[in-house]
Every structure is written in structure tokens, then in C-alpha cells.
Amino acid sequence: IGHPEIFPLVFTTKTQEIFNCRVDEDVTEENCFKLIKKEDIIQDLKTRAAISDFHPVKKVVLEYPGEELLVVFDAKFQYGQNFYFVASEEAKENLLKPPETAEEKEEENREETLEVHPYKPPVHKPWVSLGSEKEIEEESVKDTVTKIKYVISQVHRKFGAPITFTDKNASHVKESYVECTSYQDKTFSIKMLEKDVGVQMVPKVREASTQTKWTYPKNAATQYFPRQLSNEEKEESLSSEKLKEFLRSVHLRMEIALQQNEIMNAFFDDWEALAEDESNSGSKPDAYLKAYQSFTDLHYLKDRTISCVCWHPTIYGIIAVSAKEQLSFEEQVNLSDKSLMQQPVILFLSFSDPIHPQLMLECPEDIYCFQFCPSDPNIIAGGCINGQVLLWDISQHEEKLQKAKTDADGIKVTAVNMVDAFILNTLQYIYMYVGKNSTEPPLVRHCAVSSIQYSHIKPVTDIHWLPDYFKDNRMGATFENRAEICVQLVTCSSDCSVLFWGIPATKLPEQPSSEKVREKEIFYTPPDVPDTSKHLDLCWKPLIKMHLCESDPNTEYGPVRISLRELHYHCKTSEKVQSLNTLEVPTKDSPYTERSTSSSKNLKLLENISTDIFVGTEDGEIVYSNWKMEIDSDSAKPVSQKHAEEYITHTETINALQRSPFFKDIILSIGGRNFAIWKEGVTNGPILQSSCSAGRYTAGHWSLTRPGVFFIGRDDGNIDIWDLLKKSHEPSHFQNISKSMITFISPWIASPKQHFLAVSDDLGVLHVLEICQKRSHPSRNEHANILNYFEREVKYLKYREQEFQ
Amino acid sequence: GIPIRTTLDNSTSVQYAGLLHQLTMKARSTVRDIDPQNDLTFLRIRSKKHEIMVAPDKDYLLIVIQNPCE
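If you read the protein sequences in the order shown, they are chains A and B.
Sequence positions in the first sequence follow full-length UniProt numbering and run 1 to 805.
Sequence positions in the second sequence follow full-length UniProt numbering and run 1 to 70.
Next comes chain B alone, as it looks inside the complex (with noise of 0.2 Å):
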């Protein structure tokens, strides 16, 4: 994907989003295939340094990375 906007220095948006559509799009793809009724709303990770969420849709795609709250 291409960011249109975004708070974090260039290289790395360009580098979570195109990361983070291709992971998007799989996770779409498994929940579809388990049930072609279902969509996904929304997905998160969390690691041992961030938690990342996204949020997809149709056309676009809202990323969130957050710090553990301590």
C-alpha cells in the first residue's frame, strides 16, 4: 500500500504498510476461506515491543503502533 499519511519517518511507513497490506490481505483471506460469509473487522499483534493494530477496508487501511502502556 502506499501511505497517505502518517506521523512516522518515510521509510518505515513505506516499510509497515507494505508489509502490513500483504499480511492483511492473507488474514483476509484465511478467515474467508474458513467461512465465506465472514470479513475481517480488525487485527492486532502484539510483540514484545509494540502492539500493531489495523484496521482494513475496501480501499484503505489505518495502522496503530503503540508502546506498552508502563
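Chain A extracted, bound-state conformation (with noise of 0.2 Å):
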């Protein structure tokens, strides 16, 4: 279409043939020209006429100025036909020909990969009109009509008349000119009001300097130990006259201060003590016990009665309790028919798991009453019904017990650090991984037990340990505790007998306790308990044993409680085993003294401790005595001291007989349906005796925090707070805690926002309840106060001996 010199053309197959342009046989692709002569197409034409493929181009073809006309065939359907022929002798040539060229070029210029376009000179076209000169010819402006012409002149004869020029002033003539003036025009001028200005501000700027000389501070010298004067320069100072004279002038001034001071106490907060008049004596709070959680387990306290309670002396929120049997009187006689209906055990229960006990600690019969060993919380001593005295060691359960604060859930086992490849500790590991699947908590077995011989003929009904300031020997003489450990305890049973025991060395706990378990493979122990004291199960002995007995020998006591006066501890919580100093036994039959043994001429004798004690008996009697053992000079054998004194004031058995923990001498003891408070030194007798009261009195406790209160609890399940300040005849508050009767209440100062008071009943539970704040906290001056009470009763009490005398 663009080339006006090609006109497609269709061959059919039989023009194909006369022509031999056969397609695929003659004329391929590559070779697509052909030259056929003028002479045969016009031929052709004249044979074939209408139907020859000619005849459209006929014309063109008789035009056609050369010989050889160029059919190209035209594979690709280029320009619309398989065939096309070409007019002109030029484009005919340029069609032969540039392939050629190009073709050279081509292999000529293979590398190049640039594409040469040879230049083309733009081809003459004809113009093809599109409509816009129709748009010219309407904007063109033309005349529509013809123009008029006119021409005016003057007359012809005036034309080439002579003239004359004369001047003539202008401004003569009035009319003659037309003056245009300029002036000023009020309607053209603007009034300008406002001009835009622009301003530029520029400081004024004036360069000054001055020169200052700096001194930076620089260490001229360091001093690295403070200067002292040396002994003659001190004493020359002391002795100048300006010392003198200075000590002279000062000196007044001094004392006016210090007197100021003794008159009044500085540090006294007014405002602080205002509140607290005013909180004693405002109203009442509606609660003095809380109730803050109760403890029970269905395995082990299910019938059974709680005898001993006991806080775990560090770790917050564990309280360890044992259970005995509920006994009627008879069988409480006849202990030997009783029948061990379940394995008695002590339960740790924790804040945290009121549901699941901690540990259990095994005991091979009921307990009566255990303590922790204040100087390490991990042993514990309990005395059974039986008589006997157990140890139980916790130490590997330790970490178990103070993790059992942060999580309540689950029971983890502290076997961890002693696993290894040895069978014992497999053994141990099985054992502790079974007990941790069937979730019960780990039962740790004691670690020794006294022995049945030597020990109590009747149930233990006290254990105390013994300070751990001092220690004895069986000799009875008391000798100072080197090592800050309790070692020695003390118990008593109603078989009027008081025992003394020492622990060995052996037995404290040390850090490798778990690799000596470790070592020992070839004895069996039971798996969790450190068998450094494997030796002494059975066998163990007390020291001393005192028998107590009135002047003729044939009435005795029987303790329930006792009362040593130096029993107020300073636990101290140190982990450090100091080398024990143990004492030389000096007899034979002591299988328990272990290594290092050092004489004991080195230990001081302390005699100012006082050895004096007090038991309350099964009868009711407070029987005060002395321990301390003296060589009867008869019979050369160490003898206990016969002096003793003993008051009847209850009726029925003590059950708690307790040091105020304020006072070392003030005594509370509570038995029967009375109790009385009596301070040692004092012979006459109680200072305090309360009235009988309706119910029976069964257990108590001093508070811990105020020194005129005490806790008393009832056989219904009441507990009464008295408090010596405000009532001395009847309680100040009484509460109602169970069903069934007290039988231990053990208060406990957990942080200083938190009191305990745990209380057990008959039926099994333990209650923890939360004595509240106000209530717990002293009031100023009570303790003088009730020093002053104490010391007036005394005073009263003495008169009215020698009144009635």
C-alpha cells in the first residue's frame, strides 16, 4: 500500500506453471524472484485474457518500460498475496539488488551486532487531501462585495495657480489652533494609602575579647590513709594548756546539752503515740483472730487428734504437725493393746498447698510432741508413745520445703543433685521417682532412734531442746558450747523421769551427707536418710537421767510438762558446722563419741547458768527442782539433788507450763479448769491464780508479741485471750474456734505484718488464724507495765503470808 510500485498478485497454480514459478519448486523463499519477460505476460494476457492473474496489473504491465518484469514471491503474505510483482525498473533493481549488498554487508559485518539502517531519503508522496483546506477557505476572509470607489479632486483650472506664503503668529488667532493642555485629572489619581516597604533589620554587631586566666582545680597531693598523730604527739596535745583551756570553755556547753538530753527524749514522736492511746482505747475491732486457712488431710488426720504443732522455724508458711490416736482413758492405759491402724506420721503442711502435706516425716508410733532444733531447722526430735526419742534429719528436702511457697502445685523432687551412676543412687532415684508419681509427698524415714532400754518406759510428753550455749556431760556439770549448734535435748515422760540426751557430732547435718551415701554402697540404707548415724539406731543413750522423786522415795512424779529456765534460744541461722568441740565421756559405755575430741579442761565451767527447772506432773503439781548433779560424797556416784518444791494448785494434768517469753522468770501454767502464773524465786506460790472456770482448760500459750496476754484453749473448741492489763479475772476476748476440744495452740511471728496462731483440735484440724495487727502489737510501756503487775503481786503476796502467818 505504501509502495505504489507493488501490486500483490494471486498465481494460481496453472499461471504458476506456464511461468515456472512454480511455488516450492522454482521459486522458494530464499530465491523468490523471478524475471519474466513483457512479451510472455502480454501474451498471456491475450490468451488467457479475463482469467489471467495478469489482468488486474495489465495496465501497469504494458506500461512497464523494461523487458523482464519482477515477481517476487511473497511467502509471507507481505503484502497480501503469495505473490507480488514489481512496476518500476527502480525498485526492481533495489529489490535484486540491496539483498545482495545487504547480504555482503552481513558477512562482511558479522560481529558488528548493531543493526545499520541505510538511509532512505524520504519518497515523494502526493499529496492526499483530508477536508482541511475546506477549513482554510472558511476562515479566509474575502470580500463579498465589490468595493465602491470614489475620488474627489478639485476643480481642474484651480490647479498650477501662483501662491503666495505668509507667517502668521498662532497664538493671535484664537481658533486658529487647538490647545490639548495636560493638567492634572483628581479622577485619575489614586491616593496612595498603603505602600509596601521592605525593612531590613541588622544588628549592630560589635566584636569584643577578653583574656581570663583558668585555673583548674589539680591534685596537689592524695592522701591514702588518714593522718594520725603518734603516741608522744598525742600526749603532748593532751597535756598543753590550750587543750586545758579549751576542755574548760567546751565543756559547760556540753553539759547543758547532755542534760537536755536526759530530761528529754529527743526522739519521742508525739503524734505517733497519740495514735496509739487512741486505737487501744477507741472501738473494738470486730475480729481478733482471722481466720486464715485450716488445714486437714483426709489420709492422715481423719480421726485422729493433733498433738503437737510446730512452725518451721525459717522457712514462711510451714507448719509441721503430728497426730496420735484418739484414745479413750482406758486404752491411754493400756497402751501396749493398742493397734496401729495406719502409719502415724508428722504432716509439714504449707500456706501455699492446703490440700497436700509436704513431707511426712515416718514414726514408728504416735508422737506426742516434737520440736525443731532451733540452731538448724533441719533436724527435728520427737518423743513417741513408746517412750522413745526419734531424730529426723530434713536436710535433703530442705530446698523442696522453702520452694513450696512459690509454687502450690505438684510435688518436685530434690533427688536431683545425687543422681549418678552408682546403684544406690539409682535405687534412690527410682524410689523418689515413684514417690513422685503417685504424688505423695516424699516420707522421710528417722534417722535414729533412742534406745528402747534406756529410754522412757511411758509416752514422752516433753521435748525441748537445750541452748545451744552450753552443754553437759554425765557428770551433770555444764560446760560451754563452743560450736553454736544445739546438740543436747531434754524430755521427760510420765515415768518420773527427766532424760538429757546429746546428739554426736556425726549426726548434724553436714554438706556431704548426700556423698557419703553416695560412697557406702555396700550397706543397704534406706534411700533417703544420710546414714551417718547409722550406729546409733537403737543403741542411742541419754546422758543423764533424772529421777524425780519427793523426800521419801515413795511418792513420784510423773511430768507432763517441763520448763528449763534458759531456754530462751538466739537461733541463729548460720549454715557453718564449726568443728565440734565434744567432750570426753569420761565412761566406758558411750559407743557415740566421735572424732575430734578434745579435752575437756579446755571448755570453761559455766556455773552461772542456772540449772533449775520446773515440771508440771500428770497430778496437777508444779514441782520446781534442780537438775544439776552433784557426787554424793556416800556413795561417790553422781546423785541428783533431792531439793525440790513442789505446789498443788490444779486439779487435774498440766497441760502447758511456759516461760513468757518476755520474762525469764514468770511462769504460765495451765491445768485442769484453772491456770496460774508463777515467778521463780517466788516460794509462796502463784502470783496470779485464776478462778476455776466452767470448762476445762486444755492447752496455751503465751503471746509472743505482748507481754500480758496469753492464749488459753478450752475443751469446746474456745479460745481465750487473756490479758493481764486490761482483766485479770476473766478473758478479754474469747472466740470460738471448733467444734472439738484445743489440744495445742502455737503462736508464731511469721513478718512483722503477719502473726500466726495455729491451733489444733481433737478432731484432726489445724487452723492457722491471723491475729490482727492492732491486737498484736504492743502498746507503749506494757512491758513495764506488767512488770510493775507482776512485782506488785509479789509484794501483795508477801504480805499476805505474813498478814495470815
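Note that these hints are calculated values from the structure, not bench results.
Treat each hint with caution, since some may be false.
Listed next, the stretches of chain B that the computed footprint assigns to chain A, with coverage defined by at least 3 CB atoms under 8 Å from CB atoms of chain A [to be verified]: (1) 31-40; (2) 59-65.
Residues on chain B that point at chain A, a partial pick, calculated with CB under 10 Å [what the hints assert, rightly or not]: (3) Arg-5; (4) Ser-11; (5) Gln-15; (6) Ala-17.
Glycine included, C-beta positions come from ideal geometry on N, C-alpha and C.
Hey, can you piece these two chains together into the complex? The hints should help.
Structure follows, in C-alpha cells:
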């Protein structure tokens, strides 16, 4: 279409045969050019006329100047048909040749990747009208009407006449000219009201400079230790006159200041004191004891009564509870007939997990009483119903107990640190693992049991640890205990004896107790017992046995509770085990004296330790005696002193005999239907004795925070709170805790804000109550007031005795 | 200052001497700044735990530490 000399043609096969341009035979894609003579075409035209393929281009053919015509096979149908016919010589030449030259060029410049298009000058083409000339015609302005022409001229005769010119002043004649003067036209003047003006402010800058001398601080000298005067210099200064003068002048001032201090307590906070008074006299808080938690266990505490409750001294929230069978009176007498329904245990309960006990201590028999060792809370000593004394070591479970408060679920096994290839330990691990699976708390077997021969015959009713600063030996003399660990126990039982026991060094827990277990694989020991005291089983003997009897040996006392004067511990929680200086025991039969024995000469003999003992008996007597052993001159054997005093104030068994935590010589005894307060040294009688109450008192304890307050439990499940400063004839407050008899009360200070009272009852339930803050805080001067009160009572007692003597 | 005579242990008395000397100097300069005719006669510091009394002089310093009377 763009090439006017190219005419697409269709060649039928007949035509192709005639002209020898058959497709794919004569003419192929590469060789697509065919030159056909003009005469042949004309001939064909004549012969075939209308059906000839050249018919459409007949005219072109006839006009073709050359002899041969080029027909090109158009395989790609570039021009619309399978052949096209080239109408001009030039084009023919171009088509025939350029492909050749192009091919040549391509062969020459094969490396060149650029396609060089040969420059074709623009080909002149006839203009094709697209309608623009019409627009031009419309827009152009043409005259529609021919213009009229006028010519005006003067009469012909006036042309060419002579003229003379003269000058005339234009200003003389007014109308000869018209003046257009310029004037200020007000309508065109615009008054400028606002003008935009650009202003630039330039600060006045002035340069000035000064020079100062900068002194920077530099250490001239550094002092590493303080200056001190030598002794001579000190002496000199001390004796100089100047000093004397100085002292003279200053001394007066200082005295005044000190006097002022004496007169007035500068540190007294009036506001605080005011608040205290108000709270005491104001409205009562609604509940003195708030129920905090109560514990019971279906397996171990059901149908049993709790005999003793002890708080763990260091770990918050852990209480240990021992249970015993509820025995009728007859059964209590014939203890041997009692059948053990279930393994008695001591349960460790935790606040965080009220249902599952954390730990259980296995006991061969029911435990009547037990205590934690004050210097090492992992040792627990307990007294059994058959008179034996047991020791447990729970140092392995200490970690677990401490964790018990943080995780309330599950029971973790702390045997992780002991797992290794030894057989013993794999057994241990399996045991622990089994324990874990059944979600039972781990059972700790006792690590020492006293020998049956030498223990008590009747149930052990009270057990206490002796304080850590003295020990005694078989001779009864007290020695200083250098190691700050409690090593001795005292127990009493209703078979009229008080026994002192000592714990040998190896029993005390050391770090490598687990390692010892690992080493001795020959002996099979129960997995979780440190075998350090293996040899102590059943051969533990007491150190001193004290027999309580009156002046005539017929009447004996059956102690139920004892109280030693020196039972105030200062519990040291340091875990380091110092090397023990054990005493050399003079007698031969002592299988348990150990490794390092030092001569007892080195230890000081403590003579000012009071060896007096208060004993509360089965029959309600209070006996005041001395357990110091003295060598009887006659028989040369150590014999206990026979000095004893007894008081009969109670009618029934003494349930509690306790020293006040604030006053060392004030003792509270509770038994039967009344209680009494005693002062050591006052031999006339109790300084305070309560009247008989309606119910029986069954348990009691001093308050740990307030000097004049103590708690008494009754057999109807009430707790009476006595406050001696308020009322001394009746309890100041009472509250019902449970339905059955209260068996044990134990207060505890867990934190300065939380004061607990653990109350156990006959049904095996342990109630933990919280003493409300206000009530547990002592008022100002309470201590002094109580002291005054007691002294007054003592005086009154003396007076009474004198008067009625 | 250097302690001449003391009832406390060495390190404590040295500490007290140094610190209180500086404090006394400061207090004295304060008093004199306000009124140049004035001078410091006695310095008492009451804290929660103790009361410290200082009597200054030209060359010497007397320091008394007292616990509250209770």
C-alpha cells in the first residue's frame, strides 16, 4: 500500500506452471525473485484475457518500460497475496540488489551486532487531501461585495495657480489652533494609602574579646590513709595548756546539752504515741483472730487428734503437725493393746498447698511431742508414745520446702543432685521417682532412734532442745559449747524421769551427707536417710537421767511438762558447721563419741547457768527442782539433788507450762480448770491464780508480742485471750474456733505484719488464724506495766503471807 | 581533724573526725556570713539513731555521740 509500484498478485497453479514459478519448486523463500518477460505476460494476457492473473495489473504491465518484470514470491504474505509484482525498474533493481548487498554486508560485518539501517531519503508522495483546505477556505476573509471607489478632486482650473505664503502668529488668533494642555485630572489620581516597603534590620554587632586566667583544680596531693598522730604527739597535745583551756570552755556547753537530752527524750514522736492511745481505747476491731487457713488431711489426720504443732523456724508458711490416735482413757492406760491403724506420721503443711502435705516424717509410733532444732531447722526431735526419742534429718528436703511456698502445685523431687551411676543412687532415684508419680509427699524415715532399754517407759510427754551455749556431760556439770549448734535434748515422761540426751557430731547435717550415701554402697540403707547415724539406731542413750521423787522415795512425780530457765534461744541461722569440740566422756560405755575429742579442760565451766527446772506433773503439781548432778559423798556416784518444791494448785494434769518470752522468771501453768502464773524465786505460791472456770483448759501459750497476753484453749473449742492489763479475772476476749477440744496452740511471727496462731483440735484439723495487727502490737510501756503488775502481785503475796501467818 | 583521744575504735573516730570537721567549718562560715560578729558555739545533729554533739574551738573539736534515752 505504501509502495505504489508493488502490486500483490495471486498466482494460480496454472499460471505458476506457465511461467515456471511454481511454489517450492522454482521459487522458494530464499529464491523468491522471478523475472518474467514482458512479452510472455502480454501473451498470457491475450490468451487468457479475463482469467489471467495479470489482469488487474494489465495496464501496469503494458506501461512497463523494461523487458523483464520482476515477480516476487511472497511467502509471508507481506503484501497480502502470495506473489507480488514489481512495477518499476528502480524498485526491481532495489529489490534484486540490496538483498545481495545486504547479504554481503552481513557477511562482512558479522561481528557487528548493531543493525545499520541504510538511509532512505524520504520518498515524494502525492498529497492526500484530508479536508483541511475546506477549513482554510472558511476562515479566510473574502470580500463579499466589491468595494466602491470614490475619487474627489478640485476643479481642474485651480491646479497650478500662483500662491504666496505669509507667516502668522498662531497665538494671536484664538481659533487657529486648539490647545490640549495637560492637567491633573483628579479622577485619575489614586491616593496611595498603603505602600509596601521592605525594611531590613541589621543588628549592631560589635566584637570584643577578653582573656581570663583559668585555674583548673589539680590534685596537689592524694591522701591514702588518714593522718594520725604518733603517741608522743598525742601525749603532748593532751597535756598542753591549750587543750585544758579548750576543755574548760567547752565542757559547760556540752553538759547543758547532755542534761537536756536526759530530761527530754528528743526522739519521742508525739503523733505516734497519740495514735496508739486512741486505738486502744477506741472501738474494738471486729475480730481479734481472723481465720486464715485450715488444714486437714484425709489420709493421715482423719479420726486422729493432733498432739503437737510446730512452726518451721525459718521457712515461711510451713507448719509441722503430729497426730495421734484418739484414745479413750482406758486405752491410754493400756497402751500396748492399741493397734496401729495407720502409719503415724508428722505432716508438713504449707500455706501454699492446703490439701497436700509437703513432707511426711515416718514414725514407728504415735508422736506426742516434737520440736525443731533451733540452730538447724532440718533436725527434728520427737518423742514417741512408747517412750523412745526419734530424730529426723530433713536437710535433703529443705530446698523442696522452701520452694513449696512458691509453687503450689505438684511436689518436686530434690534428688536431682544425687543422680549418678552408682547403684544405690539409682535405687534412690527410683524410689523418689515412684514417690513422685503417686503424688505422695516424700516420706522421711527417722535417722536415729533411742534404745528402748534406756528410753522412757511411758510416753514421752515433753521434749525441748537445750540452748546452744552450754552443754553438760554425764557428771552434770555444764560446759561451754563452742559450736553454736544445739546438741542436746531434754525429755520427760510420765514414768517419773527426765532424761538429757546428747546428739553426737556426726549426726549433725553436713554438706557431704549425700556424698556419704554415695560412697557406702555396701550397706543398703533406706534411700533418703543420711547414714551418718547408722550406728545410732537403737543404741542411743541418754546422758543424764534424773529421777523425780519427793523426799520420801515412795511418792514420785510423773512429769508432763518441763520448763528450763535457760530455754531462751538466740537462734543463729548460720549454716556453717564449726568443728565441734565434744567432751570427753569419762565413762566407758559410750559408743557414740566421735572423731575430734578435745580435752574438756579447755572448755570453761559455766557456773552461772541456772539448772533449775519447773516440772508440771500428771497429778497437777508444779515441782521446782534442780537437775544439777552432784557427787554424793557417800556413794561417790553422781546423784541428783533432792531439793524440790512442789505446789498443788491444779486439780488435773498440767497441759502447758511455759515461760513468758518477755520475762525469764515468769511461768504460766495451765491445767484442769484454772491456770496460774508463777515467778521463779517466789516460793509462796503463784502470783496469779485464776478462778475455776466452767470448762476445762486444755492448751495454752503466751503471746509472742505482748507481754501481758496469753491464749488458752478450752475443751469446747473456744480460745480465751487473757490480757492482764485489762482484766485479770476473766478473759478479755474469747472466740470459738472449732467444735471439739483444742489440743495445742502455737503462735508465730511470720513477718512483722503477719502474726499467726496455729490451733489444733481433737478432730485432726489445724486452724491457722491471723492475729489482727492492732492486737498484736504492744502498747507503749506495756512491758514496764506488766513488770510492775507482777511486782505488785509478789508484794501482795508476801504481805498476805505475813499477815495471815 | 586528727583524733587525739577517743573511746571509739580507730576507723570510726577517724571517719567522724574528718567529716565533722568539715561540717563544723561549713556551719561556722555560714553563721559568720550572716553576721560577721557572730560565731558558732555548739552544733547538734539529731538523727534517727543517735545524737551527735560538736563543740568547736580554735584548734580543737569535742565530739560526743549519744544514743537516745529509752
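Tested hints:
1. 31-40: violated (count 0)
2. 59-65: holds (count 4)
3. Arg-5: It holds, given that the least Cβ distance between B:Arg-5 and chain A is near 6 Å, below 10 Å.
4. Ser-11: The hint holds - B:Ser-11 has a Cβ within 10 Å of chain A, the shortest such distance being about 9 Å.
5. Gln-15: holds, 8 Å
6. Ala-17: Hint holds; B:Ala-17 Cβ to chain A Cβ min 8 Å, cut 10 Å.
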